[in-house]
Structure formats: structure tokens, C-alpha cells
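**Q** So the protein lines, in turn, are chains A and B.
83 is the number that our numbering gives to position 83 of the first sequence; each next residue is one higher, with no gaps.
851 is the number that our numbering gives to position 116 of the second sequence; each next residue is one higher, with no gaps.
Everything labelled a hint here was simulated from the structure, so no lab data went into it.
Careful, some of the hints might be misleading.
Mimicking DSS-like on lysine-lysine, the simulated pairs with C-alpha atoms at most 27 angstroms apart in a straight line are [stated by the list, open to error]:
#, chain 1, residue 1, chain 2, residue 2
1, A, Lys33, B, Lys841
2, B, Lys774, A, Lys39
3, A, Lys269, B, Lys737
4, A, Lys269, B, Lys774
Taking CB as the label site, the calculated pair distances span [what the hints assert, rightly or not]:
#, chain 1, residue 1, chain 2, residue 2, range
5, B, Gly1016, A, Arg416, 50 to 60 angstroms
6, B, Ser971, A, Asp157, 40 to 50 angstroms
7, B, Ser971, A, His120, 38 to 48 angstroms
8, A, Ala731, B, Ser971, 22 to 32 angstroms
Just some of the chain B residues that point at chain A, by a computed CB distance under 8 angstroms [said to hold, decoys possible]:
#, residue
9, Lys737
10, Arg853
11, Ser861
12, Ser971
13, Gly1053
Nothing here was measured: the structure is a model prediction, and the numbers come from that model.
Where a beta carbon is used, it is the ideal one built from N, C-alpha and C, also for glycine.
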Amino acid sequence: MMKMDKPVGATPLDDNPKGLVGKPLDRIDGPLKVTGKAKYAYEYEQVGDASYGFAVGATIAKGRIVSIDTASAERAPGVIRVLTYRNAAPQDTKSREAVPQLSGDGVKYYGQPVALVLAHTYEQARAASYLIVVRYAEEKGAFRLDEAKDDARTPPDLPYAKTDTDSGDFAAAFAAAPVKHDETYTTPFQEHAAMEPHATSATWQGDKLIVETSNQMPTPGRKSIAATLKIPPESVRVKSAFVGGGFGSKLDVQADAILAALGAKAIGKPVKIALTRQQLFHAVGHRTNTIQRVRIGAAKDGTIQAIAHESWSGNQPGNDEFEPAVLATRSLYAGANRMNHHRLAALDLPPAISMRAPGEAVGLLALEEAMDELAVKLGMDPIALRERNEPKEDPELHVPYSSRKLLECMREGAKRFGWDKRDATPGKVQDGRWLVGIGMSAASRGNMLMKSSAKVRLGADGRVTARLAMTDIGTGSYTVFTQVVADMFGLPMDKITVLLGDSDFPDSAGSGGSFGAASGGSGLYDACMNLRGKLCQVAGTTADKARFADGALFVDGKSRPLGELAGEGGIEADGGIEPGSTKKDYAQHSYGAFFAEVGVDRDTGEIRLRRMLGVFAAGRILNAKTARSQALGGMIFGVGSALTEELVLDDRYGYFVNHDLAEYHVPVNADIQNMDAFFLPELDDKANPLKIKGLGEVGISGAGAAIANAVYNATGVRIRDYPLTLDKVLAGLPT
Amino acid sequence: MKAFTYERATSPEAAARAAGAQVNTRYIAGGTNLLDLMKIEVETPVHLVDINRLGLDRVEEGKDGGLKIGALVRNSDLAADPRVRERYPLLSRALLAGASGQLRNKATTGGNLLQRTRCYYFYDTSKPCNKRAPGSGCAAMEGFNRIHAIVGTSTQCIAAHPSDMAVAMRALDAVVHTVSPEGDTRHIPIAELHVLPGNTPQIETVLRPGELITAVTLPPPPKGVQVYRKVRDRASYAFALVSVAAIVDVAGGKIGDVRLAFGGIAPKPWRDEAIEQAIRGVSADDASLRAASAGLFADARGHGHNDFKIALARRTLGAVLAEAVS
Chain A
1 MMKMDKPVGA TPLDDNPKGL VGKPLDRIDG PLKVTGKAKY AYEYEQVGDA SYGFAVGATI
61 AKGRIVSIDT ASAERAPGVI RVLTYRNAAP QDTKSREAVP QLSGDGVKYY GQPVALVLAH
121 TYEQARAASY LIVVRYAEEK GAFRLDEAKD DARTPPDLPY AKTDTDSGDF AAAFAAAPVK
181 HDETYTTPFQ EHAAMEPHAT SATWQGDKLI VETSNQMPTP GRKSIAATLK IPPESVRVKS
241 AFVGGGFGSK LDVQADAILA ALGAKAIGKP VKIALTRQQL FHAVGHRTNT IQRVRIGAAK
301 DGTIQAIAHE SWSGNQPGND EFEPAVLATR SLYAGANRMN HHRLAALDLP PAISMRAPGE
361 AVGLLALEEA MDELAVKLGM DPIALRERNE PKEDPELHVP YSSRKLLECM REGAKRFGWD
421 KRDATPGKVQ DGRWLVGIGM SAASRGNMLM KSSAKVRLGA DGRVTARLAM TDIGTGSYTV
481 FTQVVADMFG LPMDKITVLL GDSDFPDSAG SGGSFGAASG GSGLYDACMN LRGKLCQVAG
541 TTADKARFAD GALFVDGKSR PLGELAGEGG IEADGGIEPG STKKDYAQHS YGAFFAEVGV
601 DRDTGEIRLR RMLGVFAAGR ILNAKTARSQ ALGGMIFGVG SALTEELVLD DRYGYFVNHD
661 LAEYHVPVNA DIQNMDAFFL PELDDKANPL KIKGLGEVGI SGAGAAIANA VYNATGVRIR
721 DYPLTLDKVL AGLPT
Chain B
736 MKAFTYERAT SPEAAARAAG AQVNTRYIAG GTNLLDLMKI EVETPVHLVD INRLGLDRVE
796 EGKDGGLKIG ALVRNSDLAA DPRVRERYPL LSRALLAGAS GQLRNKATTG GNLLQRTRCY
856 YFYDTSKPCN KRAPGSGCAA MEGFNRIHAI VGTSTQCIAA HPSDMAVAMR ALDAVVHTVS
916 PEGDTRHIPI AELHVLPGNT PQIETVLRPG ELITAVTLPP PPKGVQVYRK VRDRASYAFA
976 LVSVAAIVDV AGGKIGDVRL AFGGIAPKPW RDEAIEQAIR GVSADDASLR AASAGLFADA
1036 RGHGHNDFKI ALARRTLGAV LAEAVS
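Next up, chain B with everything else stripped away, as it sits in the complex (with noise of 0.2 angstroms):
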């Protein structure tokens, strides 16, 4: 990795000045895909900001009935929050589905949001990455593209966003909150904070530079069934093929409210009104929902090796539907 220059930094408001003031500064936190990325010089960091003793690591009560989550609060504790577990019991599931107990012990909500796709060529600095090297091609779209994305992808780019708790947030419609070296805040909904790779597939959130994520609100939690389903190739410690995050109210026998979000698929966490759209009003049993499901994605596109990707969505979304209802 090469030289860099550290500081520990005591207030966001400070951590966003530090960052300001140099380029190509980057924050650390938990460090967990930073520092394998800066080994393998993918990122190359001149100066870090440690931002782990800014005091961000609480989940306190939202004056509305919703929670306010420090971004230096860690995956694993933020999954053990009583509060979480009883009231957004999809968030502290999806939580628990990704990494690895040791891996959840040190990385944090901003971070989380904020981890790097795990594309195989992104990683490999003697291939062509359109996201890592701009302009040099990429190498998936016709390599091995098993984990790539469905929707949402570019001519430049179908890298996937692997975070799972990023997608049971979108479907909670988190805020993020986040300072500017200049000292402003401003309220970002997550729905926003990710953008897809069109051309400039290394731009992935709207952060600008030295932008600090100081927190992430949760409105109340909407009414209904909230079911977190992650498939993948093992029991554990791996991203996800396809997830789902499901919130899904049933009235008169029919789905009523229902808030979708998808992992796995897309170059950010997932949302598409027009799914959603079409399993309102669906009859709330087994076989209709499952048929329902089985028409969707319709403009998903696979690159091969993610073909089964398209299908695999479908058949998850029938079977959390038909969960969510049972």
C-alpha cells in the first residue's frame, strides 16, 4: 500500500474540515473494504481521517417515533438493538445476513452505505475497470459476470452494490444525514444518495468531496409484515446473488402498501415503483402473488453468466410475498 498520512480527527464538523482541505483524503472507520482496497492500491489514499472517535456511535429515539443511527455505529450493534429488532426487524435480519461476526464488529452504517462493489475486475488493477480507471473498458461485460447486475447498469458498467444493509434502508426510505467541509448539513433520502453508472460509473452516491455521513434517520416504521430474504452461494459470509427486502401490508385480502427493495441486481439498492405498483391490490395468497412475481423485471438484461439472475428475482420476490402473507 502506499505512504499515507493519518490524523484522528474529534468532531465531524472537524473531520469534514480536514478532509476539505486535501485531496484525495479519504475517511476510515471500520476499515473493512478500505484498507484490502488500498493493499491492492485500487484506492490510494495520500492522507486518512480517522473519523472512529467523533461520538456518532448511538442509536437514539427520533422525535417523530422514528430512530436516529450514528454513522460510526457498528453492523453488529446496531443489528442487537432492541429497538431495531422490534421495530425494524427487517434491517437488523439483513444486517445479520451480511459479512462476518468479526467483519459486522467493526463496520459501521456510513461505511456500510458506502462500501465498493465487489466486481472481480474492479479488484484487479491489470484489468479494464470503467469504475476504477475510467475510460479503460470493462472487463465483465463479456468475462464472468456471475455477481453482476440486472437493471440498472450501463454501457461503461454492470457492477452490483453489494450491501445488504443499504437495501433494507431503502425500503425503510432512510435519511442520511451528512456535513460538508464547509460545515453544512444537509438530509440526503438513501433513495437518493446512490446513483447509477451511466457514463461515469466512478461516481456512485452524490457526496461531494469531504462530505462526512454523520447519521442515518429511520421514519417510523411503516405498517407491515417486513421480511429480509438473502440468496446466496453459502450459509454464510458471502454477497448476495438476489435479496429481498419486503415491507407488505395486507387489507380485505389483498395487498395494500407494500415497499420492495432489491440487493444483488443493481448498481445501488433497489427500488422500482412499477413493481411495486404491480403487487398492490394482488390477492394475498400463495399462487397469486408467485404469479404476480413471475412477470416482473421485464426490462432486466443478463450478461451471460447472470442470466439466472432475471429468473432468481422473480421466483425470491414470489416466495418473500407468499412468506410475508402466510
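Just chain A, with the same shape it has in the complex (with noise of 0.2 angstroms):
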């Protein structure tokens, strides 16, 4: 088990011209996924036939269960069973990692899992749940933010978030600067909307139990599943070989897994059971919606002389997970007087959950729009802006960044996109009915190491394959993996063969926070350094005179194939990465810079991207190609955060209206017209043993930011409510 506590130093996937690692190869699931052979969660042919499972969600937000009559469903063609909280299997309520279903007769949230329906057909399940009449005695919940916000508590610090943070005086200070900037913006209730629903496949084979599940994390999800049916972790294995998206939907083990656990072990046979679209709104989570107020106190020459973000969100009662609005801008830009807090209030709705960077994501949205602003009042250029707050240090933590290339994305960004025709003064561009802004705005997003562990194997047939409990959640996990593991062995990628999605394999860290890659990568790594040194023990040699390369391992001019080192029964090695002094001795951070050009229609108001790029500095580049997916996926993200996306909240129900992809609008091809992403070179020796950083957040970390900025500049209308609808713009346009 390697440690993170210095920098590492030389590694076999430096200067290597030859490398696989960091060309831009395609997807080694491509295939499967085109042509329909990856098979997700739900279509696992199980053993014997499969029974079909359909929840029935709560239609009150908060109270409690009167009376559940099931007679009629139970009477229904093809139901063989109907499992309430009256009959289900007694689960654990009390520890974390409980993810209990059907437990009690109270109702925390709208969609909340009242009965599950199992049946030989999923038509017949899904028709046979509308037979099922549930009385409920309401009781009155707290659903607006706005509301509860001035009762907000101060939860207790996140694992990777401190609740507050306050370093000179910012009161003084701001009272004190010359230019002072105080706004409020908001951001409101986001979904993940992944393309595969939340979906499982559960057999019981005896004692055992194997979930099929779309989970980003197998490992802590073995251990969420086990205690939530009090049975020893090794009696479960979760199993997620392909994962069609999560953005932090799936990080947690969904009612989903458990029910189908529940039912399958009620019935006696395995059962299915996929959300709707409809229900997984709000069966899942969503992101909470934030108010957040920033002041930034200036000199006239742009220096930051006291900066402050507060943010609010909610979360149910006795929950303590806040969005971590404010992260960023604890380190992002200089400043002596700082104050950096987060509130949370209780709100009866869903769980409010981890969604694509969570804090980053909206947080930046507030912090980069208000860096415009202030440029405005300044005068300044927006880049000149935060060039001048430009830190030489982290100006909380006073440890050095591990690695920044903030400014260098930034002006590679500007010459790119063509920043310098940028005119300042809004209103002044017109191309026929639309006016023509741009903007921009900076990326941030922190970088994390998590433990995790691999095993990898060589055959005697030279192969090499790989194993860890880690995903792919369509993030190129199989392939970036594949090419480091070639790398260390000087094979080429059809030699290896990489296993992933399997909680029997050795413990790893899952898909999430934009760790994977850097987490179960480099428990590979350690892996693959470990089995690297037992065949040069095979050899009668030692790493420092050994070089893999062709399949063979040469030393002194002569080489042995690889298949023969490991003789007839292969060997094989663990290994595994754990986070040491590193993560404290240095700020890590993955850095970048957006610019958006939008028109906006002077008639009605719609804005279209006309064009966007993102430039990021994020370490190692594992594979170039689906680095460049990540860092667009993320910037559509943004796009539409910053345009159309809105979960709205009808307060007399508690319950979010738009509650499908018809009218909860994610950014659609159309509106993406002409994107790009560019990396420049960098490695991070401080971060981990790959030199990479996290990227699969920092493409959304403020992206939506630069959008409105733009609208700023093609309409002169300023909108600090996300997103930026159509009404909200013409309410600022001249009639």
C-alpha cells in the first residue's frame, strides 16, 4: 500500500515517447456499448426467470401512513406478492450506511417508497400499483429555502468541507474598501438526469446475495447493502460493469438496489427493478438549491482587499450534508480578510445529494459572476481582474499549490477564443435580431485522493489482467486503465484486460468527485509497481536495471517474454494508494478558464450559445480523447445550469413539478453549436503517483458563469437568478 506523503519521483509512465498513456485512443467498451452486448443492470439475464418489481411512491411530502390497501393490486393479473412496511423484512434504521425501504409507517418526502409491487410482468407490477389506495395523515412540511433561511443551523464540517472558514477581519476590511461589491445570487433544485435509470437486478443463491445495480461505487455500496439488511458484508456482492451515467445519483445505494434485495428474497426468485424517469426525480435526490450572498471589497487597482461568500442550502431534517458552495473561493483568489461560511436549513423534501462537483458547480456560478461585476464597477478587464489576485500561496491554508496554471488557461483561452475583440461596453454587438456578448470566467475544482486497492495478473500467455472494485460510469475508466497498465509492462492494449464493477474484487474507491481515475488508478499503479518487482526477482534482477518494453523484460540487452517470467500458474500482485501528508502540505486543485459567446434574441429573449471553450490545466492527460468528452460533458453541465435547468418546487405539495426530461430541460444537441476543450501540459507530482489531477468536474466548475457574463455583455442585463430564462432576460430588455 503506497502512501501519498511526499512527491513522487521518477515513474515508468514518464518520458515515454512510445506510451500509450495520454494518446487519444477510443473506448475500448465503444463496441460493446454500440452494439448493445455492455449489459447494464437491468438486463441481466439471471438464473431462472426474474420477477418484475414497481414502487409506489409517496403523494404526501410529510405525515404518516394511515392505511395501505393492497387487496385489489394483490388480486391483480400476474402479482405475486405486495410488500408495504407491514410486511417487508425488518432492516437496520439506525446505522449511516442504512439505506432502509418500506420501514415505518412515516413519510419524509414526496416519491418516498410506500410499496413495492412484484409481479411476473413489469406491466403487470406497474398496472397493479395504481390499484393500491394509501391514506396518509399530512402534516404541514418546510419546503422553501427562502423561508427556512433564517433558521438555518450551522451543520458540523463535511469530510472534504469545513463548515466555516474566517481569516483576518473582512468586516473592517470590506467597510474600508474603496470599490465593494455585495450581491445575492441563486441557483436552483438540480437533477442528474442520467441516461440509464436507477435500476437492479437482485438473486438471492442461498445466503448470498448479488445485486446487479447502477452504482458508481461497489465497495461502499456492498457495505450500505449489508447493513441495511443486517447481514455480514460478504455475504453481498454488488456487481456495476457498466454504469450509463450517475453525476453523484449513484454514489449512494438507491432504493432501487434494496427493494429489489427485499422482494427478491420475499418471493424466492430473482426481481428486477428499474425507476421511471418519473419517479427517479424524486425517488433519488437532487442537488439542493443555494442563496448565496458574496461581497468582495477592493482597491481601485483591482486588488482583493476582503472577500466573503455565505451560502445557504437545505437538506432533509437531521441531515448534515450541505452544498459546499463557498469551497472555491477559499483558495481561488488572494485576499487578506476572509470569511467563508454555509448554513443549512431542514427542508421536507428528498435527500439533497452530491451532483456533478458539488460546492464548485454553484458556487462558482455566484463567485465568477460577481468577478465580473466587480471588473465592471473596476473598469478592469475581467482577466486582468484575477490576474491581479493572483495567489502566491493558498490564501487560507498558507501551504503551496501543488500545482496552478490558473493565469496560463486563461490567456490561452483568451488568444484562442479571440478575448481581445471583446468590447466591455454592453449592448454593442448586433448580428440581424441577436446581440452578440461574450464572457468568461475561471475553473476550479479540488483535486482528491481516495484509498484504494487493485490486483493485477500476468499469464503465461503474457497477458496482464487487471482488477478492482472501481467503475466506469461512461467516463473511459475501462480505457484510461487499460493504457496505463499497457505502459507499465510495455504491452501493447489488446494484451490487457481490465476488470472493473465487481465488489468481490479488491476494494476500491468508485467513480465520484472526480477521484476515480486518480484513486483506483493509481492503486493500480502500486499494483502493477509491485508485480513489475516480483518479476524482476523472477528474473534475478532489480527494477532499477530492469526496462519493460515489447512484451519483455530486458536487462542488460537481453530480454525474457513476459509469459515466461510467470510460468505456467502467472503470478500475480496487490497493491494499493492511500492519502498521506500530501493532501495537506499542498492545495490541489485542478484549474481552467471558460469563455462563452451567446446571442440573445432583442425580441424575445432566448439566448443561444454560439459558441464555447473551456481550457484546462488538470495534471497527466490520461487519454486526450475522453478527457476532451469529460471536460465537454461538464461544460454542457454548465450550459445548463446557466440556461434551462430548473427543478421547481410546487410548495403546496412539496414536490417537484417538472418532474420529467420534457420539461426539465437539459441542454439538447441544438443548443450546443460549437464546443471545445484544450489541456495544457502539466504534471502534478504532489497529487498522486499518475501526476493527473481530477477532470470530470472542472469542465462544469463556473462554466455557466461565463454564459452569464456573456448575456451581461451582448444585453447589459445582469441575472444573478440561475438560470437565465428567457422572462428573467426580458424583463431587462427595452420595449
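Starting from two chains that each stand alone, build the complex the way the hints lay out.
**A** This is how it looks when you write it as C-alpha cells:
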């Protein structure tokens, strides 16, 4: 087990011009996906016939079930059993990992499963679900963040985010600052809306439970399921070989997995459950809305003297997870006097959970729009303002950055985008009926490393097989890990098999928080190093004298094929990574800069993105193609958060009105006309042995603010209430 | 979805007979709206009559220089028909502004006319809705009503008709042809096909039980420039907040004959003689047309979240007229 206590020195991945790492290779799982051969959770063919479960969601947000009449449903064609809290198996309701379902008469949120119909076919189960009559004793709930804000509490720190940080004397410095900015920004409820709905196929084999489910983290997933069902973790196997997008909604085990396990146990047959699109908007969780106040006090030359970012978010009563929206503000810009706080309001809504770049994704919408507004007040170029406030070290932790190329990203982006052609005065550029403007913003996302392990095996046939309980949620994990292993042994891609998505494999961090490639990949790297060591031993040499190339180990000009060294039985090695002191000795972030050009229809207020560019520095790039796809995907998420995505609360019912993809508007192809992403060369030897940093989320972190700033530049209309729908633009346009 | 029986009809008359033989029967063509509604049990037919093979899938020349569009002509095919593109570009543009490529490949002419509203509460059987469950109330009136109607509504229902195609057809004075279970045929002007909600929002058209749309005829194209403009929340695959279908003829520097139909603002494809009257005779220049449009829709009423649609309708109309004369 390798621990990141100091910068890594030279590694076998460095200075390898023939290496595969970094190349823009196609995804190795691409053909499986486009031909339908990649099996997703709902598609596994179980042992014997599966039965189908359909969940019934509560239609109140808070209260108690008074009665459930299941008689008609039980008599409906094809129905095997109906489970409710009255007959579902007892589960753990105490431990933090447990996610009990149907475990009491209490209703905590709209859409909470209150019954499960098990039938021979899916449509039979669904039809019968409409026959169940539930009567509730409804209680008044709190749903609105703006109303609950004043009673918000100070929650405990999150593992990755302090609740409050303060340094210097913000109040005095802000009061004394010659130029002040003080505005409040709001972001709406958002839904992950992954393409693959949450789905599970569950099978009991004696006391052992096999759960094929769409989950980002099989290792903690197994523990969570075992804790819930009060069985040993060894009795649960979670398989998630392919996951059709997660964005945070599949970090935790969700209702579908527990319901399928309960159902399968109850009827003694495998059970499949897929949540419908409409159901998962409530059943799974969402990103909380936020209210964010940003205050910046600056000298006339733009030097920030005081900065404060306060964010209010909501979650269920007793749930301490807050949206860490002020994270980026703590590290992005210099300034001696700082005050960055989070408050959390109790709301009787479905759980507020992590969604792509928790914190930065919405926090930078506020901060980076505020910086643009400050630049306007100062009469400064927005890039120059950021250059002026480039810190020499982390301004709150007072440690060096592990690597930071924010200025380089802004400069490179400005050059590629033609920033110098921008007219800083709003409303100056017109193209037919379109008012045209451009804007920029900075990107920043914290880099993480999690404990993760792996096993690699070299066979007599010269092939290497790697196993780890990591996932590929559409990010390219299979491909980049194959590239890493290939380069570690000097083998071509087709000699490597990477197996993921199985909790029986060595424990892994899984996919989340942009730490998947770094954590899973570093554990894999360590296992490869250990296997290299064993092979050197067999060859009677040491690693410093050996070279792995062309499927052989070279020592003193002589080579031995790897398969021969492995011997008939093959040879294997374990490895792992855990974070060490570099975590606190260095501030670690991925950086970038966004540039956007929008057209705003002068009559209708419609905003259309004309072009967008992201330039990023995120350490070593493992695969130029999958990295670019990740960045573009993040930026498209950013377009959604800027322009269209809003889950609308109806506070009479405590539910989200537009709970389908017809009316929850994610961007479509026609919204994304011209978008590109580039990466600057960078190696981060403090982050992990691969010298990479996270890039799954940096693409969204700040992206929407560039669009809001471009809308201001086009029209002079400043909108601080995301998303920027046309009605908000219209309100500011001349009649 | 509830279990149902299914048959495939082989002629329009046989289809109508089959539909008339059993209550709670629905025709199924593209199924792009009906199947979704069946899955969530907003629609619960006991019998489906498949009309995909009735041979009504052709666009033919009318005797008078117009076109006869079979009810089963797919939206994609109709939009791409060279005669439509040349003579009724308005219709082609409206069709292409609707839904997505995949949906347009399935959706039919008759089905498009009869698609149901997108009111959020109509789609949620746990919420009151006078259209879905008469007498249960209207959740939209005091709820989230951003996409709802501002004209033609009632105290019972404020749902908007979602079609683009029907708005263009309304401007073109299309005629809807039907056959009844008894074999009777009739020709219904599109203006009369849809009815306003009043006290019976569950009744959306004048079609009688089992009556089947067989074709839509378009009269010869009227003189003038045709424009279709759809305003929406994203560039594709979103329903209109406001849409305008305009046919504008200019004579002697002034607006002559003009036809204006609106989508997204009413329970049916909307046309208002008073609006056309107000535009007729206006000087055919940008400023005059915008000014004239700004005073219209005086009787429109918002319900909170959709208040912006009144200004949006005026502004969009002004822009469309300005475009038509430019």
C-alpha cells in the first residue's frame, strides 16, 4: 500500500514517447456499447426467470401512512406479492450506511417508496401499482429555502469541506474598501438526469445476495446493502460493470437496490426493478437550491482586500450534508480578510445529494459572476482582475499549490477565443436580431485522492488482467486503466484486460468527486509496480536495472518474454494507494478558464450559445480523447445550469412539478453548436503517482458563469437568479 | 399500463366501425403521446385500433390547387414534401420546429392535431385536474403555470395546446376530414375542430366517439409571405412558450391581407380576427408593426408564472411581422 506522503519521483510513465498514456485512443468498451453487448443492471439474465418489481411513491411530503389497501393489487393479473412496511423484512434504521425501505409508517419526502408490487411482468406490476390505495395523515412541511433560511443551522464540517473559515477581519476590511460589491445569487434545484435510470437485478443464492445495480461505488455499496439488510458484507456482491451515467446520483445505494433485494428474498426469485424517469426525480435525490451572498471589497487597482461568500442550502431534517458552495472561494483568489460560511436549512424534501462538482458547480456561478461585476465596477478587464489577485500560496491554508496554471489557462483561452476583440461596453454588438456578447470565468475544482486497491495478474500467455472494484460510469475508466497497465509492462492494449464493477474485486474508491482515475489508477499503478518487482525477482535482477518493453523484460541488453517469467501458474500482485501528508502540505485543485459567446434575441430574450471554449490544466492527461469528452460533458452541464435546468418546487405539495425530461430541460444537441476544450501540459507529482488531477468535474465548475457574463455583455442585463430563462432577460430588455 | 385488447384495421371505415363498437377505444397511430399517457394511466383505453395500415399515408394534389394530406402522413414526411416546402413553407417550418427527429418520424398528421396538453398536473394522477378528472379542480391555476395559456382559458382549465403543426394549419385554414362509425363523412374547418375548455375541459374537440380523422386538406396557398416563429426554452425539443404563424401580404406599403395564428398561449391553435383587423392597413415598416403589436392581446390574462407570455406574444408578433415585410 503506497501512501502519498511526499512528491513521487520519476515513474515508468514519465518520458515514454512510445507510451499509450495520453494518446487520444477510442474507448475500448465503445463497440460493446453501440452494439448493445454491454449489459446494464436491468439487462442481466438471472439464474432462472426474474420477476419484476414496481415501486409506489408517497404522494405527500410529510406525515404518516394511516392505511394501505393492497387487496385489489394482490388480486390483479400476474401479481405475486405486494410489500409494504407491514410485511417487509426488518432492516437497520440506525447506522449511517443503512438505506432502509418500507421500514415504517413515516413519510419523510414526496415519492418515498411506500409499497412494492412484485409480478411476473413489468406491466403487470405497474398496472397493479395503480390499484393500491394509501391514506395518509399529512403534516405541514417546510419546503422553501428562502423561508427557512433565517432558521438555518451551522452544520458540522464535511469530510472534504469545512463549514466555516475566517481569516483576518472581513467586516472592517470590507467597510474600508474603496470599491465594494455585495450581491445575492440563487441557483435552483437540479436533477442529475443520467441516461440510465436507477435499476437493479437482485438474486439470492442461499444466504448470498447478488445485486446487479447501477452504482458508482461497489465497495461502499456492498457495505451499505449489508448494513441495511443486517447481513455480513461478505454475503453481498455488488456488480456494476456498466453504468449509464451517475453524476453523483449513484454514489449511494438507492431504493431500487434495497427493494429488489427485499422483493427477491420475499418471493424466493430474482427480482428486477427499474425506477421510471418520473419516479427518480423524487426517489433518488437532487442537488439542493442555494442562496449565496458574495461580498468583495477591492482597492481601485483591483486588489481584493476583503472577500466573503455565504451560502445557504437545504437538506432533510437531521441530514448534515450541505452544498459546499463556498469551497472554491477559499482558495481561488488572494486577499487577506476572508469569511466563507455555509448554513443549512431543514427542508422536508427528498434528500439533497451530491451532483457533479458538489460545491464548485454552483458556488462558482456566484463567485465568477461577482468577479465579472466587480471588473465592471473597476473598469477592469475581467482577466486582468483575476491576474491581479493571483495568490502566491493558498490564501487560507498558507500552503503552496501542488500545481496551478489558472493564469496560463486564461491567457491561452483568451488567445484562442479572440478575447481581445471583445467590446467591454454591453449591447454594442448586433448580428441581425441577435445581440451578441462574450464572457469568461475561471474554473477550479478540488483534487482528491481516496484509498483504493487493485490486483494484477500476468498469465503464462503474456496477458495482464487487472481487477478492482472501480466503475466506468461513461468516463472512460476501462480505457485509461488499460493504457496505464499497458505502459507499465510495455504491452499493447489488446494484451490487457481490465475488470471493474464488482465488489468481490479489491476494494476501490469507485467513481465520484473526480477522484476515480486518480484513486483507482494509483492503486492499480502500485499493484503494477509490485508485479514488476516480482518479475524482476524471478529474472534475478532489480527494478532499477530492468526495462519493460515489447512484452519482455530487458536486462543488460538481454530480454525474457513476460509470459515465460510468469510461469505456468502465472504471477500476481496486489497494490493500493492511500492519501498521505501531501494532502495537507499542498492545496490541490484542477484549474481552467471558460469563454462563451451568446446571442440574445432582442425581441424574445431567447439566449443561444454560439460558441464556447474551455482550457484546462489537470495534471497528466491519461487519454486526450476521453479527457476532452469529459470536459465537454462538464461544459454542457454548465450550459444547462446557466440557461435551462431548474427543478421547480410546488410548495403546496412539497414536490417537483416538472419531473420528466420533456419539462426538465437539459441541453440538447441544437443548444451546443460550437464547443471545444483544450488541456495544457502539466504533471502534478504531489497529487498521486500518476501525476494526474481530477477532470470529471472541472469542466462544469464555473462554466455557467461565463455564459451569464456573456449575456450581460450582450444586453446589459445582469441576472443573478439561475437559470437565465428568457422571461428574466425580457424583464431587462427595452420595450 | 392497463391491459388492453388490440386490433389492426384495414380500412378507414372498418377502423371507425371497430372504434364505435366498444366504449373507451382509442386509435393508435404513431403512439408518441398516447403510449406515454397509458404508461402513467392518464389514458386507460380497453381497446386499441391500430390505424397505421389504412393507406392514408400520402400527400395528394387537391383539385383546386391545394393539397390533401392523409391522416397517417408522418410529420417528417410532410415537412419534407417538396409541394409543402414550396407552397406552404409555414407548415414545413412549424413541423420541423416540433418535437425531435425521432418523434417526427413516428408522429402522424391526425395524431398531432389530437395530442394532449403538456400541463404538468394533467400528467400526474395524484393531482387535481379538471381535464383528466372532471370536477377534481385545477392544480395549475394556483400552481406552477409557466407553460400555460393566457387567452381562451376558463375557471376550470388553463392548459395550452402544444402543437406547432396545428398552428400553421390554422393560419392556412385547413379542413379536417373524418369518417364516423356509421360511415358518415364530414369536413370540419380547423377553426372548429378544437373547442375551448369552458366548463368541460375534458372535451377538447368536436369529434364524436369513434370518429376518425382521415385527411387534412389545405386550400391553395394564400398570397403573402409565410413566417413561422417558435419561442422556446431551448433550441430544440421543447414546446412553444409562444409561437406565431403569419401569412402577410403587403399592398401599397401597407399590410393587406394577413392571417395570424398563435401557439403556446391558448387551449387551441389561436386565431383572433380582432388582431388581424388591427394589423391590416398598418404601414409595412418595422417600427409601425412593432408599435401596432404592442397594443394587442389586451384581454390576455396571466396566472403568475406565465405573465411574461403577454409581453412575449406582443414582441414576437411584432418581430414576425417585421421579418415578413423586410
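**Q** Which numbered hints are broken by the structure, listed smallest first?
**A** none
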